[in-house]
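Undergrad: Going down the list, the protein sequences come from chains A and B. Taking the working numbering, the leading residue of the first sequence gets 1, the next gets one more, and so forth. Taking the working numbering, the leading residue of the second sequence gets 1, the next gets one more, and so forth.
Any given hint might turn out to be false.
[Unchecked claim] In the SDA-like style, the derived pairs of lysine to any residue whose C-alpha atoms are separated by at most 20 Å in a straight line are: (1) B:Lys37 <-> A:Ser158; (2) B:Lys37 <-> A:Ala154; (3) A:Lys165 <-> B:Ser42; (4) B:Lys37 <-> A:Ala140; (5) A:Lys165 <-> A:Asp108; (6) B:Lys58 <-> B:Val73; (7) B:Lys37 <-> A:Gln155; (8) B:Lys37 <-> B:Leu51.
[Said to hold, decoys possible] Partial pick of chain A residues on the chain B-facing surface, computed with a CB cut under 10 Å: (9) Leu12; (10) Ala140; (11) Asn144; (12) Leu147; (13) Met153; (14) Arg156.
It is worth saying that the hints were derived from the structure and are not from the lab. For every residue, glycine included, the Cβ atom is placed at its ideal position computed from N, Cα and C.
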Amino acid sequence: MSTRLDARAEHLLRELAPKVLGAVVRRFGDFAAAEDAVQEALIAAAMQWPKEGLPGNPRGWLIQVAARRMTDHVRSELARRRRETVAAAEIDLVVPAPGLEPATDQDDTLILIFMCCHPALTPSSAIALTLRAVGGLTTAEIANAFLVPEATMAQRISRAKQSIKASGVPFSMPTSDERAQRLRTVLHVLYLIFNEGYTSSIGPHLQRNELSREAIRLTRAVHNLLPDDGEVAGLLALMLLTDARRAARTGPGGELIPLTDQDRRLWDQREIAEGVALITATLSKGSIGAYQLQAAVAAVHDETPRAEDTDWPQILALYGLLKRMSDNPMVMLNHAIATAMVHGPSAGLALLDELDADGRLSGHHRLDAVRAHLLELAGDHQSAIAHYRTAANRTSSIPERNYLMTQAARLSERATTAPTDT
Amino acid sequence: MKYILMMGGTKKGWDTFNTWPKKDLQAHIGFMMAFGKELTESGELVAAEGLAPPDQAKVVRAGNNGTPITDGVFPEAKEFLAGYWIVDVESPQRAYEIAGRASAAPGRDGVPMNMPIEVRQVMSGPPEDLL
Chain A
1 MSTRLDARAE
11 HLLRELAPKV
21 LGAVVRRFGD
31 FAAAEDAVQE
41 ALIAAAMQWP
51 KEGLPGNPRG
61 WLIQVAARRM
71 TDHVRSELAR
81 RRRETVAAAE
91 IDLVVPAPGL
101 EPATDQDDTL
111 ILIFMCCHPA
121 LTPSSAIALT
131 LRAVGGLTTA
141 EIANAFLVPE
151 ATMAQRISRA
161 KQSIKASGVP
171 FSMPTSDERA
181 QRLRTVLHVL
191 YLIFNEGYTS
201 SIGPHLQRNE
211 LSREAIRLTR
221 AVHNLLPDDG
231 EVAGLLALML
241 LTDARRAART
251 GPGGELIPLT
261 DQDRRLWDQR
271 EIAEGVALIT
281 ATLSKGSIGA
291 YQLQAAVAAV
301 HDETPRAEDT
311 DWPQILALYG
321 LLKRMSDNPM
331 VMLNHAIATA
341 MVHGPSAGLA
351 LLDELDADGR
361 LSGHHRLDAV
371 RAHLLELAGD
381 HQSAIAHYRT
391 AANRTSSIPE
401 RNYLMTQAAR
411 LSERATTAPT
421 DT
Chain B
1 MKYILMMGGT
11 KKGWDTFNTW
21 PKKDLQAHIG
31 FMMAFGKELT
41 ESGELVAAEG
51 LAPPDQAKVV
61 RAGNNGTPIT
71 DGVFPEAKEF
81 LAGYWIVDVE
91 SPQRAYEIAG
101 RASAAPGRDG
111 VPMNMPIEVR
121 QVMSGPPEDL
131 L
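Bound-form chain A, shown alone:
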């Protein structure tokens, strides 16, 4: 007999997690305790369902188990308060927060995501809480993905919930005034989860791939709830179009392979097709945002079978739009690369000088790495070597350091064997 959930049951459990949590919070009004109760119910399901089979009504089963845990929690909490002879405020434990109109599961999922990505939380707390409360991952799974002990992750989640409680945010949709800003925070948290999984899925940390898949799943859920929001669609497209290159971005030894050198036959055509269709449909609707533009850039790359055929003028135009829209120095850096590809390396290097003056990227390895690349294109190999080495010393990623050191070594060897080569 199997003791593990099959993939279908696992998927069902994860889909149900935020809906069950929403229902329990509505009934009991205590987000922090309800979240613990639902986590216990999910773990109970993962243990019992493989043995006893899927219940007829899985959602009802989970709510019932979580509600039983909540009742126990409320009883012991009341007993504790009685011992402490604090009679006041007992009632708030058992009565839902006031003003809660009946809502649908969909609303609950969305409200939960807004709560978990609360601006009062640090990014790492928001990420952990979102993965548990909305994603239905266990604390152990999240700890494993971030390579920290389970006890540490449990405390991080518990502190995040305390912060939300202390902030006094009710379990309801943000007001229309704050909604746009809150949604930006949600998308940023989802983007960070994706990036954490995508960029570190190298060498021994294969389990972290799961984080990207989870980020795509959660973003897809938000997109289904808010199908008319261009930036949600843009972020989902960006994730799909980036994830499509996963198999090609590292070599057999885990070494990084830059976009221009990747074997494009390894790119996932299904993800590319979905991402391109999504971003095309979204861009035609009007209100353009930063995620949509980044997705559009990714689409240009993904639709080009050979690196040398890349439509750089189009990418340059997209980064030009992005640059006007956001004051992000990383956007300026990418704009400089695209400029170099269209107008030649010295035009790109001139833009990097502007970034030096700007100061926000000073000491950042990406600035050195890009400068090294453009200097190499310009034929100034000695300076390129120096900047590759500086970048290697400044990155905090081992695969990236290895890549940058190898670039410097490659150029030095060429300089000694073929001094006239440019």
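Chain A is fixed; fit chain B onto it per the hints.
TA: What follows is chain B alone, placed relative to chain A:
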């Protein structure tokens, strides 16, 4: 971002530690235990270990024929790693703050030891996509 906080000590310091009065030892040990617990509770502790005394420390390197050559008996003045913490924090400043707390662990008569703690970033950052 992850940082390792390395607490150094000399062989002499180690030998002296063994001769501390009980109440000072207990205060020191109590501080270290509470400190570890506090870092778990703040959601920042990744790992912490204390190392055995350096009396038996050996340095091993392979000889030309591949057989290991060990080196022992170190001078009194040599610095040894006494223990370390690995923390996962939001900023380098926070890592320095934690190191500062560890450095001020109580010593003889409860006076802060102000030990040197070397703080180094762990290479755990994610690589970015390279063009």
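Undergrad: Determine which of the earlier numbered hints do not hold for this structure and return their numbers in increasing order.
TA: 9, 10, 11
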